[in-house]
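Student: Take a look at the letters that make up each chain.
Protein chains: 2
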Amino acid sequence: MNDDMIIVSREPIHPGEFLREEYMADLDLSVADLARRLGVTRQTVNDIVREKRGLSPDMCLRLGRLFGTTPQFWMNMQAKVDIWNSMALHADDIEAIEPMAVAL
Amino acid sequence: MNDDMIIVSREPIHPGEFLREEYMADLDLSVADLARRLGVTRQTVNDIVREKRGLSPDMCLRLGRLFGTTPQFWMNMQAKVDIWNSMALHADDIEAIEPMAVAL
DNA sequence: TCTTTTTGTAATGTGTAACGTTACATGATA
DNA sequence: TATCATGTAACGTTACACATTACAAAAAGA
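These protein sequence lines map, in sequence, to chains A and B. Under numbering that gives the first Met the number 0, the first residue of the first sequence is numbered 0, with each subsequent residue one higher. Under numbering that gives the first Met the number 0, the first residue of the second sequence is numbered 0, with each subsequent residue one higher.
Note that these hints are calculated values from the structure, not bench results. One thing to keep in mind: the hints can contain errors.
In this list, chains with the same sequence are indistinguishable; a pair is considered to hold if it fits within one copy or across any two.
[Stated by the list, open to error] Straight-line Cα separation of at most 25 Å, SDA-like style, residue types lysine to any residue; simulated pairs:
id, residue 1, residue 2
1, K51, A102
2, K51, H89
3, K51, S85
4, K51, D32
Could you build the full structure based on these sequences and the hints that come with them?
Tutor: Printed below as a string of structure tokens:
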């Protein structure tokens, strides 16, 4: 049971939703406000918050810097939705792969 | 000190290097071999192993399936190099961001 | 040895996703 | 009312993962 042993059993929360509800709401930040502080366009923040866009590594760095978290925190959150979406899309191909008997 | 509290102090190892040295070497897998098992092209495996390409979520799922690890394991490894590269590229812009005094 | 296959890799085209720019309707403020 | 800020749609650019095609070198088989 390592750090990465997080079994995704339900749809993970989109970073945009988290950002919107946990940070912007609590800190009373508008889209324009946050964009300004992050040094990106309103469009960029808006798309993320509307869950139309994921978090790039760059954006994770910015959010980490602004809010005093690790970039990894945001990367992990994004990774979960990426894995979830990819699994929803290619589950069949993935499960067609024969697991190897491996003893490292 | 959470799971994501991994301070990146030195250049992280590329998943391709890890794959090459820890798995392919030990299990005596060729590029073509691995590609076949993963259900992707030789080109795809080759580019990853030559560190010319990163791991997509899809590829992380495949590797996890084949080797019996979590997809997250590979995602985390990739995330570290993504963050590292992005930081190397935009360090100035990131540090120009004024951290907020936040008490969640 | 000659032929056939397999292997690693370069080159090319495609699809997708993050991003900035521009534009605009709505709403706040002077 | 006139000005300015906000949220968001539309568009073009850029980057990247991927499959396809092509090919030289090595391996395997005749």
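Student: First find the shortest C-alpha distance between K51 and D32 inside one copy, then the shortest across copies, and answer within, between, both or neither for a cut-off of 25 Å.
Tutor: The answer is within: 19 Å in one copy meets 25 Å, while 38 Å across copies does not.
Student: Using 25 Å as the alpha carbon limit, work out where K51 and H89 are close: within a copy, between copies, both or neither.
Tutor: So K51 and H89 pass the 25 Å test inside a copy (21 Å) and across (24 Å) alike.
Student: Is it within, between, both, or neither for K51 and S85, if the alpha carbons may be no more than 25 Å apart?
Tutor: Both ways: K51 and S85 sit 16 Å apart in one copy and 22 Å across, limit 25 Å.
Student: Tell me, please, which holds for K51 and A102 at an alpha-carbon limit of 25 Å: within, between, both or neither?
Tutor: Cα proximity of K51 and A102: none, with 41 Å in one copy and 28 Å across.
The structure does not agree with numbered hint 1 stated previously, though it agrees with all others.
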